[in-house]
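Q: Sequence:
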Amino acid sequence: MMTMVSVTMVVMGNHELERRNLIGKGTS
0 MMTMVSVTMV
10 VMGNHELERR
20 NLIGKGTS
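Here the sequence shown is numbered in numbering that gives the first Met the number 0, starting from 0 and rising by one per residue.
Just so you know, the hints here were simulated from the structure itself, not pulled from any lab data.
Don't take each hint at face value.
Cross-link-like lysine to any residue pairs, in silico, SDA-like; alpha carbons within 25 angstroms at most [what the hints assert, rightly or not]:
# : residue 1 : residue 2
1 : LYS24     : VAL9
2 : LYS24     : ASN13
3 : LYS24     : HIS14
4 : LYS24     : MET11
5 : LYS24     : GLY12
6 : LYS24     : VAL10
Note that the structure is predicted; figures quoted are calculated from it, not measured.
When you get a sec, could you build the whole thing from the sequences and use the hints?
A: Following this line, the structure appears as structure tokens:
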């Protein structure tokens, strides 16, 4: 159960980083 949560957290974190990267590129 904990591994599932950890994987989800990592996936969500990666998605958030990608979104921030796209936003940063768009503004700069």
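Q: If a hint holds in the structure, say so; if it doesn't, say that too.
A: Consistency of the hints with the structure:
| no. | hint | verdict |
| --- | --- | --- |
| 1 | LYS24 x VAL9 | holds, 23 angstroms |
| 2 | LYS24 x ASN13 | holds, 17 angstroms |
| 3 | LYS24 x HIS14 | holds, 15 angstroms |
| 4 | LYS24 x MET11 | holds, 20 angstroms |
| 5 | LYS24 x GLY12 | holds, 18 angstroms |
| 6 | LYS24 x VAL10 | holds, 21 angstroms |
Taken one by one, the earlier hints all hold for this structure without exception.
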